[in-house]
Amino acid sequence: MMVEVILQLTVSAVLTGIIYALMAMGLNLIFGVVRVINFAHGEFLMLAMYLTYWVSRWFGLDPYLSILITVPLFFFIGMAVHQGILRHLLDGPEESQVIATFGLAFALRYGAALIWSTDHRSTTSKIADQILNIGFITVDSAHLIGAILSGLLIAGLFIFLYSTYLGRAIRAIADQRTAAFTAGINVGRVYYIAIGLGLACVAFCGAVIIPFESVFPTIGANFTLLCFVIVVLGGMGNLWGCLLGGVIIAFIEMMVAFFLAPVLTTFAYFVIFLFIVSLRPAGLLGTKGRRI
Amino acid sequence: MNSQNDSILDVQGIIKDFGGLRAINHVSLQIREGEVRGLIGPNASGKTTLINLISGMYKVDDGHIYLNGKRIDGLEPDQIASRGVMRTFQISRIFRNMTVLENVMVPALAQGQSLFEARRHAEELLDFALLTRLKDEPARSLSGGQAMLLQIVRGFVHQDLRLYLMDEPFAGVHDVIKGVILKTIKTMNEERKITFLIVSHEMTTISSVCHHVTVLDKGEVLSQGTMEEVANDPAVIDSYLGG
Amino acid sequence: MLEKNYVLQGSWKGIASPFVLFLVLLGLTPLVFNHPFYRHVLTLIFLFAFLSVAWNLISGYGGLFSLAHAAFFGVGAYTTAILYVDYKVSPWVGLPLGGILGVVVASIIGFATFRLRQFFFVLSTLACYEAIRALFGYWRLGVKTGLGTTIPRSVGFMNLTFNKELPYNYIAFALLVIVVLVARLVTASKFGYYLRAIKDDEDAALSMGVRVPRVKLMIFGMSAFFTAVGGGFYAMYIGYIEPNTVFSVDLMLQYILYAIVGGMATLGGPVLGSLVLVPLTIFLQGFVGGKLASLGFFIYGIVLIVTIILAPGGMMGGIRSVSKKLLRGMFF
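Note that the protein sequences, when read in sequence, are chains E, Y and S.
If you use this note's numbering, the first sequence closes out at 409, no skipped numbers anywhere.
If you use this note's numbering, the second sequence closes out at 1058, no skipped numbers anywhere.
If you use this note's numbering, the third sequence closes out at 354, no skipped numbers anywhere.
It should be emphasised that the hints constitute simulated quantities derived from the structure, not laboratory data.
Incorrect hints may have been included.
[Claimed, not checked] Stretch-level coverage of chain E by chain S, calculated; a stretch enters the list once three of its residues show a Cβ under 8 Å from a Cβ in chain S: (1) 170–181; (2) 314–324.
[What the hints assert, rightly or not] Looking from chain S toward chain E, a few residues come up when the C-beta cut is under 7 Å (computed): (3) L145; (4) S146; (5) A153; (6) F319; (7) Y322.
Every residue gets a Cβ at the ideal spot worked out from N, C-alpha and C, and that includes glycine.
Here chain E stands alone, though its shape is the one from the complex:
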């Protein structure tokens, strides 16, 4: 009996974990490259979910199809945010970034509450409504499709980052900013791209999540912390680590929710985070170089 439960949880965790990984990867891109701590990351996800909801309502589109609209849109929104806010904070004390993005999170969160009220909203896709049974394991198609799509995008990201010039430039900056600069890479321009890409990932994620998770203004708060914990667990700047971290965190989340209480999951993140940081701050797959 217990084995079955754990197997079920594991399968769910893997599926959810891949989706989480995509969420965190957006953060990894932005944080790893531009080195901005974005406290509003979860709020962007919330916005992406709302956007998907409204786009699919207005145009009668399946939420998965609305990706075609929301993703490019968010790419540009990302660049705009950089232009308007983040750019000014890069040279200042790290604290300013924290405070500004913390303020941004509140502004977005409660701005959404003002505009759209605190009602939960969700939408479904025809293909996302099914429940599949594989042996004793139950999987709902929304999670399955979400995981597959996320996995595809992650794979696409990998290819981009490892084979294209732009992708390698991004990785170079993430690794060694000054060296990349002297190698002639236009760091400033790459920042825009990295942030745009990061938010595009978030937008994709939003579309993928809304079929099974309803959106409300304060949903972002939990996501921000979740993503940061995954990024730290997996190793900053490390994409495989993101994937691994996503699955592990999803697994822990499910175990805690199932065996203890759902409300304790956030507390669990806190404890996990302190553990990682005390034992292996570079994360599971990160390099132990540390400073400079």
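Given the coordinates of chain E, assemble chains Y and S onto it according to the supplied hints.
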């Protein structure tokens, strides 16, 4: 394994990897007390990494580093600093929102000096380096060369300084300031018997102040000896011309 | 010369006398405002100013933005309350004990994160904040009022319980003066040099021999101590506590705002910010409910963004540049 010789700095077979890249590959060197050692080599040969390893900014992946016979690899930078090791950075890292005088006081205070002593020692040093008129200016208003000079002067306020690691102290620095830096190094070396390890690209400047040099290439020690010996070493000539 | 010191020291050389004068005047205000409601507002002003200055120790002077202070406040409140209610320990003992417990909690976060980059510390306080929000927000679902503790009123100095408002005014004011003094002493000492160096360039400070983790731990501990003491005072003042008020992040968000808007890393900033914003907040809270709570938070976010990008020095920064111009004017 212990440090056998009487050198002040004994680096034994250290290795440093960054991800898949080996930045430092089995590097060993010894510096005797009172020496002024140059550390030269082509770009990306690992010079800065080596300085970072000795000062504690990076941890070695293998091998040992001894200061006065005691192991310092694995220690944190502040612990190593308290043992009398100061360093400068390739791109000047001064405390921009503190005054020039306060900048110099920081290592003194950290060493345990009182505010009064620290201020006195700092003022003396600024005087020696001809920076007195700038002492109450915010450090961020200094020019590049002045900032480098400040960085260098700052380290000397430590009253028990044994080893000074300098990373490209002459890079992009005005001739006048370069002269002050050289004079400072020579004076401190003679009067206080401070040992130096100086990374630089500039051969002429290095030869004017260094007794011996170590040549690094691709993370390995290519050659060691006096400037002449090293300049005539075929392996060195190869790497500089070929690189 | 005077001008340079005044601008650079950043603490208060040029404002010394005016600030002391200001504090004295502030201390006299309860005598001027007789009405209990105004005195209540004054107690809150002093308390928030106190909490704001305490928070500023780690976040302003230490340069480490902390969201964990709600935890310290709550710990202080509960320690004092439990010791008083269940063990008949005088709050005057309970307050510092709560403070120490706050330091213990702070040390957990501190030991884990202070050898690492700033980011880890900020993240861990975020995690702390979210954990508290989740844990105690749960109790907001109207269920567990049994966890609320009413503190029996037994008037007396040793019980920190009074019938009139004035004693509370002066205790809160005394706390404020103490924390301001401590902040001043810290920033003017060797420690102040370390803090400024760390804030400017942590790695360089480390290389110069500054024991960075220890410095951070000490300032964080101080900050936590005072915040917890504030929690204890609050418990005795209000007379009733339950998890989702004392561990409330709302309170913390308030004194954070006051510090930022007033001017971080200054002595007078948090005090000024509280003086101006506490009455304003109380006034606005009269309109709270439903949509307007969201509006309040929305404005909160906007104010943070605007302040930090356009006026990072806050009100104090503004005052400084105005005074600078005035001083210059005076000499010509």
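Which of the stated hints cannot be reconciled with the structure, identified by number in ascending sequence? 1 and 2
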